[in-house]
Amino acid sequence: MGVGIQVEHLNAWYGTTHTLQDIDLHIPANHATALIGPSGCGKSTFVRCLNRMHETNPIARATGVVKMGELDIYKDASPVEIRRRIGMVFQRPNPFPTMSIYDNVASGLKLNGFRNRRILDETVERSLKQAALWEEVKDDLKKKSGASLSGGQQQRLCIARALAVDPEVLLMDEPASALDPVSTSKIEDLIFQLKSQYTIVIVTHNMQQAARVAENTGFFLNGKLVEFDSTHKIFTNPRDKRTEDYITGRFG
Amino acid sequence: MSTQPAMRPPINFNTRRMRMDQMRRKSTNIAITVLSVAATIIVVAPLLAILGYLIYKGASSLNFAFFTQIPKPVGEDGGGMANSIVGSGVILALASLMGIPVGIAAGVYLAEFGRGKFLATAVRFTADVLNGVPSIVMGIAIYSLIVMQQKHFSAFAGGVALAIMMVPTITRTTEEMLATVPHAIREAALGLGVPKWRTAISVSLRTASPGIITGCMLAFARVAGETAPLLFTAFGNQFWSLKLNEPIAALPLQIYVYATGPYDEWHRLAWAGSLVLIVMIMVSVTLVRIFANRGALKGGS
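Residue numbers (this note's numbering), protein chains in the order written: chain A, 4 to 255; chain B, 159 to 459.
Pair by pair, the computed Cβ-Cβ distance ranges are: (1) Leu205(B) / Lys145(A): 38 to 48 Å; (2) Ile448(B) / Met4(A): 47 to 57 Å; (3) Gly383(B) / Ser180(A): 47 to 57 Å; (4) Pro41(A) / Leu205(B): 55 to 65 Å; (5) Val291(B) / Pro61(A): 29 to 39 Å; (6) Thr338(B) / Pro184(A): 30 to 40 Å; (7) Val291(B) / Tyr17(A): 38 to 48 Å.
In case anyone wonders, no lab produced these hints; they're calculated from the structure. Here a beta-carbon is modelled for each residue, glycine too, at the ideal position from N, C-alpha and C.
Required output: the full structure, derived from the provided sequences and hints.
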């Protein structure tokens, strides 16, 4: 089951650039939350702060409190544990090119020393079914490289890989922006099904996408969270003038 | 409709000038193709010439005895280089066992952990300098560091000398190959909760492995023919010896001794030895390639 995330006074820097300024936000469990905003507004940085990927960049820094359920992720746990419990899907599909489809999905378990064949087999099958990829690849699981799949399939493979380590939260950083419309709609269907079991945060440039998949939407601008509300409210009756300007296409 | 831009006039592709341009492009294409084929021939020709000459000079002296017997005393015909072939194998195995792990480990440090650190800059600089150290100097250095201390020549000292010569090539190739691994691949692993050291070994290194294997093979092939560093370390041996703490025979040393000797029989054996050395290097490099490609998957990059 998913858990909610509570963010309080989150600030983030790249070198001397203050990319996130005092973000307060509650992400409810088992819902999809969309983050929208123009390029460079800090939404990607924000999701990378949630699973502590932000700090993998040596010049990056973050302060503030992020709580997953009762767990303070910056105080009570190691980044490695947090990243296992908060999965991430990136903008460009990034399967491991030297690994088979099977090994790609099993990688999170295998690389952490997990060896039980029967459980690995079950997990790979379950994850690929959850990612709606099983039927397309079940005959080539160990024969084909993850890189041999089409772009859309690769992205679903990456989703399966993230699900295989049994996360509670799934962060998706523009997961469909490099894909064609058919693959995009498959990913969106997937998000719809997955949110019953996981808390999903999706960064997107596509406002229709936010409207289709997410219950709540946050609007970022210049490193600040301008507005956060139900998706319906944001798209029909936003409180802030800047939100309205952005969603009506007056800028961005 | 007045706001629409005016229609651009269609381009006429059939003017005299256009036809001339086409001709020029075609001839440039041919010229560049011819040049690159010629360059390829110039690169490959010396290798084929050397191989051909070695076969011409050496193949006739190759017989069963060459691979099974040790050198005969001066004045007796026949004999072989069995001890040198095995000795070279021993020294190279020692050198690879020591040089390849150290070289790869240093390369992983430079590419994955040492970015922007002073130690990394120092290691990189040292590796480049080490790469330029003449092999005879390496021989003398190991002579004073190991042979003088132990008070005798040894296969081990020869292995160390060659290992140190392998390290800089392997380190720099490993670093460069790891740098070509996309950052997104590392992020994928880190994002799954894989620790950084594990990501470096099981993801980055594995993705870069074809290039790293090539680097190791280049280093191996380079030191396999080295003579100078072995003169002061492995020293050579006219008899069977597999002990690591005693002088050991090696093909380059035996070739050197025979080629500079006064007897025609020795010269013939030196040619045969050279042929065997080259073929052994080519065979081992090819075997590693075949072995490394066996696990490759369909559609992998």
